[in-house]
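Trainee: Residues per chain, in single letters:
There are 2 protein chains.
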Amino acid sequence: MTDPERPAMIDRPGLAALQSEANIAVGPRRVPGRDIPVPTGLDASHAVLVEAPYSPAWNLAPADDDGWRVVQRAMAERVGPILSRIRDELGITMIRTMLGRVGAYMLSPADLPAAHRDQLVFFLHGGGYVLGAGEAGTTEATLLAAYGRYRVVSIDYGVAPDRPHPAGLNDAVAAWCALTASHDPRTLALGGLSAGGGLALALLLHLRDEGLPMPAAVSLGSPWADMTRTGDSYATNEWLDNVLVSYDGYLSHAGRLYAAGHDLRDPALSPIYGDFAGLPPTILLTGTRDLFLSNTVRTHRKLRDAGVEADLQLFEGLSHAQFALTPGATVTRTACGEISRFFDRHLIAAD
Amino acid sequence: MTDPERPAMIDRPGLAALQSEANIAVGPRRVPGRDIPVPTGLDASHAVLVEAPYSPAWNLAPADDDGWRVVQRAMAERVGPILSRIRDELGITMIRTMLGRVGAYMLSPADLPAAHRDQLVFFLHGGGYVLGAGEAGTTEATLLAAYGRYRVVSIDYGVAPDRPHPAGLNDAVAAWCALTASHDPRTLALGGLSAGGGLALALLLHLRDEGLPMPAAVSLGSPWADMTRTGDSYATNEWLDNVLVSYDGYLSHAGRLYAAGHDLRDPALSPIYGDFAGLPPTILLTGTRDLFLSNTVRTHRKLRDAGVEADLQLFEGLSHAQFALTPGATVTRTACGEISRFFDRHLIAAD
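Heads up: the protein sequence lines correspond to chains R and D, in order. Using my numbering, read the first sequence as starting at 16 and increasing by one per residue. Using my numbering, read the second sequence as starting at 16 and increasing by one per residue.
It should be emphasised that the hints constitute simulated quantities derived from the structure, not laboratory data. Just to be clear, a hint being listed does not mean it is correct.
Copies of the same chain are indistinguishable here, so a pair counts whether it falls within one copy or spans any two.
With a straight-line Cα cutoff of 16 Å, these simulated EDC-like cross-link-like pairs (lysine to aspartate or glutamate) come out [stated by the list, open to error]:
1) 317 - 353
2) 317 - 58
3) 317 - 92
4) 317 - 290
Pulled out of the complex, with its shape left as it was, chain R reads as follows (with noise of 0.2 Å):
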């Protein structure tokens, strides 16, 4: 309390009587300044997660296209010899591939079963619209046909700055018309993770309009449905997130730059302004401390009141998209493990 430099802690003696009156009217929340602790009781490979420090590049904001540039290319060359040890460590084999125009890796498990053999999961990876391209782009595919033990053939959409909106749903549009021009649609299904997440529900938006063919399922992760600053918990959860920590942060810059001036409020940007009425049954999945909590929750609701069956699954204390990029940890393990049993019942086999 003696540094000026750092948040105040509040001693608890007479906090109770301090926050009493600083909220005995209507209007905002107003919240003391804490430690919060890592909870107890969870397994190792949990806590880590919970526990972990702010990611060192939330905040980044390159000062030009350039500067974006650089740090796409050092993400890549980073990832990729990670991830082509994960494969190898959970017997996955990539096949860089062609979906019409569009490029995509084609994630395959060792032991697939025999049922999901003419299956596949159309993926739409995460990255805030400007990460992920090539390769760089294939964790969480990797780890959901690992885990969820699926063919997964994960998107290689166009990102900013190069290809800004509508960049990206012209081509996971392209790709999925390539893809439902071989396979039957009832054995397909869609995924997305974060800004992914929210393609899909463009995406999804975008077939239902046009009378395309539709997924027998889908999964989101922590689904980038709202891009403006609407949603409780860009607030609640800012600075407790520790992978986003605040919307004014790398998120935000990024969002920016993809949607290249066009109104947020687009649904194809933002497809909670969307009508949801008839999309395919859908799980989801977020963790108490994302900041995309209430992106998720919001597009759980309304689709239930849609009529759309919706299966909710919460990790605790997890902050953004943790459960479906770390490899080995029990929450990785179980969302793909319920992602995999959706599917299951809403796949069908081919003929």
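Keeping the supplied structure of chain R fixed, place chain D upon it in accordance with the hints.
Mentor: Relative to the frame of chain R, chain D by itself:
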């Protein structure tokens, strides 16, 4: 920032750097004091719950048993006329009855659907194991009867200080056994809110262990599954939840009074420490600002991991149990609608 008697509000410029430095190492998460706005985009009946000031009773701590009895009487006298008016407005009739040796209130909607005619919800009210004795505990059963269109029997189980643990559990078991002596359990659901949600889980563990009939489906609203100070949201949502506000308030005083020296980790008090194998299909509901968010999420996760069908519903920005206690609010209609449809899928009509 200049008033030393108020939690410091941090100016945003410079905050990112301060926060990054404070969260550079593994361990607890340091969050700054701040004002958290009421999220936009909620309907008026929802927003009024989020923006409400702290409950005046949150830090209630009577000095002795007589002090608690004064509080109980005051609450009963206050809510009696309110409940009578709510029943009239919602077309609910209430009949005082007995299930074996245990008092109960039967709440019946005027427009009972034919499919629900021979079905019944056995309900355990909230109140921290101290409040809610007599008619005062019938709010949530009344609203579930009205908006879910089920008959609901609200059990007047024993509460502290006069009837501490295990009186509540013994009453719940006795009432359930009396009911199942004359009703096919496949036509029965079990519901509970807050302390009543914890009690419902403890009842289920007992029924399972003793080989007694189980309900066909279960609804747990913000269940008090862990009476120890374990669970991330006891810290993350402290001072944010405007109903319970803090574990150190009324909540833990009441809990200790009821536990009366028994180990809070006993699954009969904190069922999260029990084995959930073989429990019936369960719907769970909570709000993102609920001090019991983790109680609910941990219970959901443990049910899923035990292979139990479990469905989680979250409400944006809501504090503890607000979705179950607010007549007329859209969130209450939505919550009761979800519970009712869940019961519809699992209960059978009587022969």
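Trainee: In ascending order, which of the hints set out earlier in this document are inconsistent with the structure?
Mentor: 3
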